[in-house]
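Single-letter residue listing:
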Amino acid sequence: MIDIKKLIEQANELSPLPASTVRLARLVSSPESDLNDVAELIEFDQGLTVKLLRAANSSANASATRISNVKEAVGRLGTAQVMALAMAASTRPFLQSRIHNYGPGEPNLWRHSVAAAVAAEVAPHFCRVPVPPETLTTALLHDIGKLVMSRFLNPEILNFIKSAQEVDHLGEREAESLLLSVDHAELGGLIAQHWELPERVVQGITHHHNPEKSEDVICAFTYMANQIAKRIEAGLDGRRLNLLIPDDILEQVGLTKSSLDNYCPIAASRFEQLRKRYDAV
Amino acid sequence: MNVPDFDFICSFIRQEAAIVLERGKEYLVESRLQTLARKESIASIDVLIQQVRTAPKGPLARKVVDAMTTNETSFFRDIHPFETLKKTILPELIAKRGTDKQFNIWCGAASTGQEIYSMLMLINEHLPELLTWNFKFVATDLCQDVLAKSKLGRYNQLEVNRGLPAAMLVKYFTRTGSDWEVREDLRRRVDFKEMNLVKDWLPLPQLDIVMLRNVLIYFDVESKKAILAKIRRLLRPGGYLFLGGAETTFNVDDAFERVMFDKTTCYRVKKG
Numbered sequence: 045m046i047d048i049k050k051l052i053e054q055a056n057e058l059s060p061l062p063a064s065t066v067r068l069a070r071l072v073s074s075p076e077s078d079l080n081d082v083a084e085l086i087e088f089d090q091g092l093t094v095k096l097l098r099a100a101n102s103s104a105n106a107s108a109t110r111i112s113n114v115k116e117a118v119g120r121l122g123t124a125q126v127m128a129l130a131m132a133a134s135t136r137p138f139l140q141s142r143i144h145n146y147g148p149g150e151p152n153l154w155r156h157s158v159a160a161a162v163a164a165e166v167a168p169h170f171c172r173v174p175v176p177p178e179t180l181t182t183a184l185l186h187d188i189g190k191l192v193m194s195r196f197l198n199p200e201i202l203n204f205i206k207s208a209q210e211v212d213h214l215g216e217r218e219a220e221s222l223l224l225s226v227d228h229a230e231l232g233g234l235i236a237q238h239w240e241l242p243e244r245v246v247q248g249i250t251h252h253h254n255p256e257k258s259e260d261v262i263c264a265f266t267y268m269a270n271q272i273a274k275r276i277e278a279g280l281d282g283r284r285l286n287l288l289i290p291d292d293i294l295e296q297v298g299l300t301k302s303s304l305d306n307y308c309p310i311a312a313s314r315f316e317q318l319r320k321r322y323d324a325v
Numbered sequence: 025m026n027v028p029d030f031d032f033i034c035s036f037i038r039q040e041a042a043i044v045l046e047r048g049k050e051y052l053v054e055s056r057l058q059t060l061a062r063k064e065s066i067a068s069i070d071v072l073i074q075q076v077r078t079a080p081k082g083p084l085a086r087k088v089v090d091a092m093t094t095n096e097t098s099f100f101r102d103i104h105p106f107e108t109l110k111k112t113i114l115p116e117l118i119a120k121r122g123t124d125k126q127f128n129i130w131c132g133a134a135s136t137g138q139e140i141y142s143m144l145m146l147i148n149e150h151l152p153e154l155l156t157w158n159f160k161f162v163a164t165d166l167c168q169d170v171l172a173k174s175k176l177g178r179y180n181q182l183e184v185n186r187g188l189p190a191a192m193l194v195k196y197f198t199r200t201g202s203d204w205e206v207r208e209d210l211r212r213r214v215d216f217k218e219m220n221l222v223k224d225w226l227p228l229p230q231l232d233i234v235m236l237r238n239v240l241i242y243f244d245v246e247s248k249k250a251i252l253a254k255i256r257r258l259l260r261p262g263g264y265l266f267l268g269g270a271e272t273t274f275n276v277d278d279a280f281e282r283v284m285f286d287k288t289t290c291y292r293v294k295k296g
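Line by line, the protein sequences are chains A and B.
Convert by adding 44 to the 1-based position in the first sequence; the result is the number in my numbering.
Convert by adding 24 to the 1-based position in the second sequence; the result is the number in my numbering.
It cannot be assumed that every hint is accurate.
To be verified - Within a straight-line C-alpha distance of at most 20 Å, the following computed EDC-like cross-link-like pairs (lysine to aspartate or glutamate) qualify:
no., chain 1, residue 1, chain 2, residue 2
1, B, K287, A, D260
2, B, K287, A, E256
3, B, K173, A, D47
4, B, K87, A, E210
5, B, K63, A, E256
6, B, K223, B, D203
7, B, K49, A, E210
8, A, K49, B, D203
9, B, K110, A, E259
Simulated from the structure, these hints should not be mistaken for laboratory data.
Using the sequences provided together with the hints, build the complete structure.
Written as structure tokens, this is what we have:
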């Protein structure tokens, strides 16, 4: 139905990420690195230094003390947020591309990606299980595969996918997989590989719809961030969306149903503050 | 797609491959046949179906059957069966078969070959002494295209990303352009054959392990019964049958007993 070879070629033809972003991603993923290593790397990147200081001093992170150096900024924001901001700056042109073929709502990939990153950023306040530092990045990039996939979709294929979802009650990923032999999540993982991002990021993106396929908890966190992002977006569009996160995922991330009820509104209100930060990168 | 055409395809596929397609699956039939029609430069699905009606034993009809089979597979799919094979079943069978040193594995719906190559890599990695025995790996499938791909053992990046550990990719595959190819010594070990599970079977050796995962789910009950009866006769005493997670022998062939190992369910012929 679609030419998988061409699909892979197009994924591998996306422009590479800046070397400093890839190095930063690897550094944050490495258990041997610390805050000083991250700060040192950023100091060599003038553009990122400016963005980081702006983010650290933004109203979303309001504090009495003004931050004027990178090390303090990294300390205030944390390495996970720093990596996500760098990643957002580098991937924004991709995530803001118009995705016309993915059905209603999907053109706004940037908004959905930022909402997922915000959901991941808020997670440590509600989840009893430690949130892997790469989660903000996997949340931000989880749907990157749609960027390439959309170029291969047409109204006819979309109709088949819609029928598979309606008739066989398949999820978006399962329907794509059944009809196209590939789904946007694994295509996203392929793009992350092409960008030479850490394996954990590749895994989180690849399995954001089927975290049970991986033993890494980052997949469950990315799944959750995606679901909460959908809820945030529904709220923005004046819709109500019931959040259905399976019990085993809640258990994996250390979240109870009652804490989930508190998590969603706080993530939604935090989104309004933090999206400015992401929009400004 | 009109109702008579859909009904014809359902009945044709059921007859040729015992695959059950019900109303509501029009989208699936249409999507698969449209791809085939384009590939064969046939103007429309209507024309394609007309040609199959005229020549139901012809090459195009064969391609329709191939197109309607589901070939979803991956390396080390569902992982737990492979863990159980490595830790429990293969060591147990090696101890039992140590006298005649004969060992045979059959993948009954090999698809594009990932399952049989996963078995080979697992054995090579953890129980290499087995490869010095009189050992047969047989992989069969009814679809010619996927069988050809299995024999070639060439996979794209997406396919190797599905379940294959990086260390095994590096050890057992060589890069061929943007694809990855299974090492020749591994490929040579497998006997790939075309076989339709619901038609006459080719001669198969007595079997120690049968992999038939996520296949029976597509068949009607009579076909399931016939297939399981044939497997029962081919399994050596103590041999194991692996089915998919949603499949069972229960109420289909009760000569099998269910055996549980941690998260893996498999089946053995009951004693006596």
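* Violated constraints from the hint list, given by number and in increasing order -> Those not satisfied are hints 4, 5 and 6.
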